[in-house]
Amino acid sequence: MTESSDTNTDKMGMDLPKRLRVGDPKSAIITIVFGVVGAGLFMLIYSIPMPYTMVSLIKFGLSPALAIIAVVGAIRGPLAGFLSGYLGLIMYDLVFSLTIVSMTLPALSYGVLGLIVGLAAYDFTKGRSLAKLSLMSAIGLVFTALIAVVFGLFVDNHSVLLELGFILLPLFTVGLPSVILFTPIYARLWQVFSSRISII
Amino acid sequence: MFEIIKQNKYVITAFVITIIIGGMTFSNVQVPAIPKGIQTVNSTTFNFADYPALTHEQIAIMNYFNELVTGQAYNTWEGWNAENYHWALQYITAFLSYVFAGVTEVNSGYRSSFYENFAHTQILRMNTTIDEYGNASMEYYEWVSIPGFTDYYYPNATHPDADDVYTGGFRGPANIMWTGHYALMMALYERNFHFGTMTEELTHYIKDWNVSITTDRFGHHKDGGLWGTGLIPCEPYVVFAQCNSIPIYTTELYDNLYETHYMESGMWDYGLDFIEENITDEYGLYTNGYFVQKPVGWGPNSELLPQDIPGQAVDHYVGGPSLSSYATAWAMTFLEYTVPEETIPKYPLFIDLYGRELSGDIMYMLGTYKQPSSFGDIMGILGTVFTMVLANQRGDYTTRDRLLNLLGSMLNKVWSPDGRQMYYDGSPFDAFLSPIFSGFSVWSTIPVTVRNLGDPRPAEFWNYPYISNADDDNIWVYQARWDPVKSGFILNIRVDQTAELVFSNFDDTPTAFSQGISMGDLTPTGSDYSLTLQPGSYQLVIMEGS
Chain A
25 MTESSDTNTD
35 KMGMDLPKRL
45 RVGDPKSAII
55 TIVFGVVGAG
65 LFMLIYSIPM
75 PYTMVSLIKF
85 GLSPALAIIA
95 VVGAIRGPLA
105 GFLSGYLGLI
115 MYDLVFSLTI
125 VSMTLPALSY
135 GVLGLIVGLA
145 AYDFTKGRSL
155 AKLSLMSAIG
165 LVFTALIAVV
175 FGLFVDNHSV
185 LLELGFILLP
195 LFTVGLPSVI
205 LFTPIYARLW
215 QVFSSRISII
Chain B
2 MFEIIKQNKY
12 VITAFVITII
22 IGGMTFSNVQ
32 VPAIPKGIQT
42 VNSTTFNFAD
52 YPALTHEQIA
62 IMNYFNELVT
72 GQAYNTWEGW
82 NAENYHWALQ
92 YITAFLSYVF
102 AGVTEVNSGY
112 RSSFYENFAH
122 TQILRMNTTI
132 DEYGNASMEY
142 YEWVSIPGFT
152 DYYYPNATHP
162 DADDVYTGGF
172 RGPANIMWTG
182 HYALMMALYE
192 RNFHFGTMTE
202 ELTHYIKDWN
212 VSITTDRFGH
222 HKDGGLWGTG
232 LIPCEPYVVF
242 AQCNSIPIYT
252 TELYDNLYET
262 HYMESGMWDY
272 GLDFIEENIT
282 DEYGLYTNGY
292 FVQKPVGWGP
302 NSELLPQDIP
312 GQAVDHYVGG
322 PSLSSYATAW
332 AMTFLEYTVP
342 EETIPKYPLF
352 IDLYGRELSG
362 DIMYMLGTYK
372 QPSSFGDIMG
382 ILGTVFTMVL
392 ANQRGDYTTR
402 DRLLNLLGSM
412 LNKVWSPDGR
422 QMYYDGSPFD
432 AFLSPIFSGF
442 SVWSTIPVTV
452 RNLGDPRPAE
462 FWNYPYISNA
472 DDDNIWVYQA
482 RWDPVKSGFI
492 LNIRVDQTAE
502 LVFSNFDDTP
512 TAFSQGISMG
522 DLTPTGSDYS
532 LTLQPGSYQL
542 VIMEGS
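Residue numbers (the working numbering), protein chains in the order written: chain A, 25 to 224; chain B, 2 to 547.
So that you can see chain B by itself, here it is in the shape it has in the complex (with noise of 0.2 Å):
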């Protein structure tokens, strides 16, 4: 024994510091896939595999967020390391909700008060105003402390006289990225929840827009609206496509859920005609902007290249229109709702163009195509980030991944110590980067996408079985939908403690199976039944009458 150690000293120290450098980096590794399986009920079969799934991971950043989000006060932002990004505080807010609107399209069947009250909240914060909340609000962050907003008229900016709209206002008419983000919350909530209580502020929105693209907002119908372009801006003085794309997607949701016909008038066609003429660069990708105003503060001496105004947003490093690789996938994200026709040919020239391959697994989007060396800045993150959503949504998994990798593949993945929370850790780029990364990872993985939620559910979904109360602490829910064809209710779960789940809308009494094999009966609670499960997995089939 010895004297084999001692012809193999070298080797067996290679070894043993193997294993102490392996021991000390033994970190990030990726959670096993989720349990699925199939089973025979009655019959019938299922195949939890052809239902949509959440991830562990997901869940856990989910949890992260929620407690981040009803965790504190609305206009507290503990956590979030956002210190130095007040300005992006509504756009993380926003983009964060339609994360968490897939999440819950996903686990359609889970509808206890975990994902409403992520939801509802999300929309309070969004709106704290001045009055309440003095400077810490989001009416302050997002428009009242950038110098000059709140004075604009259009289209005299700063003399206005009885011809002249006030556009200086906080809710608009040109504030879309505001009211678009707020108005598309409230419809996203509609549409997930049904309870009816932001129809009235939403239906406000959406005719104000109405109004401001169709009309000079004094009565008069005028082609382009008050602007001219069929479009709003979101600074008093500019219009963006990915903007736009936000209100196009909310009035095309809206639409769909109370069976109004605002897309079949035409309200936005102008917009998007224009769009597609004005604030296209020479491959027809969506560029950053077009100025439909001067803005206030810009004179003869200002060290910018020339702009034309009206006239597309000028680049003004290196000529030629302002190019964003974030903006251009945003835009084609959400635009695909509406008109597919145009966005889904660009993707492939999008992703040529700004897409750079770092290595066979690794990829990033440039900021702008124009400086393919410039990586290194928040717009080449932005870019790929908002990539990788799109990519998602097209498909396009591979080209996702390996956006996905980028980040995913150097930042800490910090779990909380009871395991419940997960996010990624970016503090050493930025710790900001920390929530949007998170937020992102879930967003671009999940498998529902932004055109997916732009169909309503139908009217009879809101009659199906489902979890109306859970202890929600103590469970991670992979998978909960009733399936309408087979009549039994999907419910992949882990439970970490005794937990007991409420469901409501069962006709009759329902029982549980696992493997196929009956568990028994739910128990009967008032008109709903409970069903309390022990620590463990399980892939349950619940059906009613059996």
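If we strip away everything but chain A, and leave its shape as in the complex, we get (with noise of 0.2 Å):
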């Protein structure tokens, strides 16, 4: 690929607007665009209820939602890919519960999820880099997870068992192989897209 891979693999010389992929007014409106547009696909996507199976107390299941936020992380970089998480939690909340929780503390540790995954380089044709990215993908959902659970436990107050059971299991159980898993069929699936229809 391509101009994403060529792009990726020049980054780490990039000064902080370039690897932001704002670095002129062009690729910062493309960079928001992709934002929001993944901010839109990932409040659609975890709208669908989606089946789950509970083991004693672990929720086990996919959430395919998730893996939106990481993969536009990973195709146009970490603002990128903080936006389609932070606003698409907002987005989320507000649409379909008319609410903002927590002044989005947590619609900001899912942008972290999209934040770290778009910090590396990645060449969606290589397994590799695939593999690459679901484990980038990985360890931005426990970073998500953990600073979800201490803006839950230190500014909202909830109770450990509420923390634990209600929010940083399911992010382990359901999110961790949701975001492995999904974030290469994504990456693929652009991949096959935009090396047919050229739009950055």
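Hints were generated in silico from the structure; no laboratory data involved.
Since we're looking at a predicted model, the values are computed, not measured.
A hint or two may mislead.
Straight-line alpha carbon distances no greater than 30 Å define the calculated BS3-like cross-link-like pairs of lysine-lysine that follow [to be verified]:
hint : chain 1 : residue 1 : chain 2 : residue 2
1    : B       : 487       : B       : 371
2    : A       : 156       : B       : 10
3    : B       : 7         : A       : 156
4    : A       : 150       : B       : 10
With the Cβ distance kept under 7 Å, some of the chain A side facing chain B (calculated, not the full set) [unchecked claim]:
hint : residue
5    : 73
6    : 121
7    : 185
8    : 209
Note that beta-carbon positions come from the ideal geometry of N, C-alpha and C, so glycine has one too.
Both chains are sitting in their own frames, so use the hints and assemble them into the complex.
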């Protein structure tokens, strides 16, 4: 690939605006558009009730929406990834629950997933790079979970039981397999799509 | 081909694992919404969306409860997982009756033995006595097994003379928690089935309460009644707003059913004022109890904080009045019929103070807002489920759904092999949560509220056509009611196996219409008419003289 991989290859030596993919106005607009479109996609997919199975207190299932955040970060860098998660959860909460939770702190933690994934460079045509994408997504989600729990415990004053049982565990048991598995699939599909329609 | 697979090994592997995990966790899927539609019959348009409906899951849960209730002796509790909760059996029996009363009202035109038998059996299960069932009885679990309860007199608890009233009886005058629920179950039974078989016993309790809260029980008028609060204790020494909300609501319903005037006479006025002035916190929200008498057994060596008697129940951990989200939600739900001007303005504040957001789509209620990180005990769970019901009554469906998601998204739905029954499996937390959450999930989502059920059915209702007999085990009745304005019977039904339905009260031969097209006349059987349906889903309009 290509433009994506070429661009990412150059990242190591970039300054911050370029690393965030906002080095020039056009690039900044495209990055923001990616973030907003990603947020919209996240919101739509997140609103679809997904099957799950409880084994004792542990929830197992898949949440394909989380991988949207990661893949947007992988495609367009940390800012777009962050916006996808941050705006996506805010939009979801606003549209479907008419609320903004805890001054958007939970949304901030979701943004961290896209931000972390967007820090590295990937070649979507190579299995090894996609494996790296899975790994970075998993790392990003671990940070998301930990930050969400810290906010819940120390800002919202939730009980430990709730934060561990209803936030941390599901993010690990549902979120981790979702970002590890779905993100490379989305990335590969994006690579196929973008190789036919060159828009960036 | 091989080259493509080779180039995409990782993605294909991820895809295959996704399919495997997805397949292994493919459970708890939402049941599709029931079909509705618009039909025009003889120039009259019937929009099924205009009529209340039950969902497939709600009916499946009621089928689960039906087996638990009618499928065993009145005093046995197989499948309830209540071995450690005998004290709670009367509550779940009573509240489940209110759920079922709402379900019955949704399908007011479906009055086969299915609904009636359930409601009647619940009343019998609530009233198991020591005389008949010994220690495996409601009388024992709820009252006699609690040390000292049968010994009480008022005002001198343990050394009575001629001026003291015996208050240690299971059937009153003090045990409003049982008498209130028992009477309301009977009142709702009469409201929904109109047999008159419960009227005499129901009337006894209404009259007895009236004596307790307006006299000294020696024949003399006394403001505030025997206990001077206008309220009746649950335990012999303490009155609660939530517990008294049940007999207050029952009295309203009784007046409506029998055209009496107990509420107009001011029977509960003193008590309602007492609640607002003495059983509320600084925000006007209901608190958890007011002591009218020193409980026997409490002494100077008690580890509990000082408790003024008489006086508002104290929170022994953090001081101030004892708070409870479940008690407040319960009281607000039932008192809304009588004092909506008091309860409705409190609702937003109640949600603000007790409610906590876990995420955008999940909320829970604190047991007490004084301990914001305390969730995890039974009080928080009860507060959450009772507030679901209150939110549904208030039309705050967003809050209701967010509260419902707390446990609804963390429990497995367990379907019976034949697909007729379903319950939420609460066993990872506590097995008793299974019937509790299953019942509240229905109560909080049906389109008929406690407030709705306080109104009686019009006299002419009992002449409306209705399903009087049916092969209940073969059908799912989502909507069944007579529309008196359009003179048509709405029937939205799924049939698993060939089923016969018998309709009563039609004056003329009725015709069933599907999609506005006649399916033919119903078959006369004596003064009734029968309809036989083959397996499938039907949205029927049944009209006579067509």
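task = Compare the structure with the hints numbered earlier in the document and write down the numbers of the violated ones, lowest to highest.
result = Hint 1 alone not satisfied by this model.
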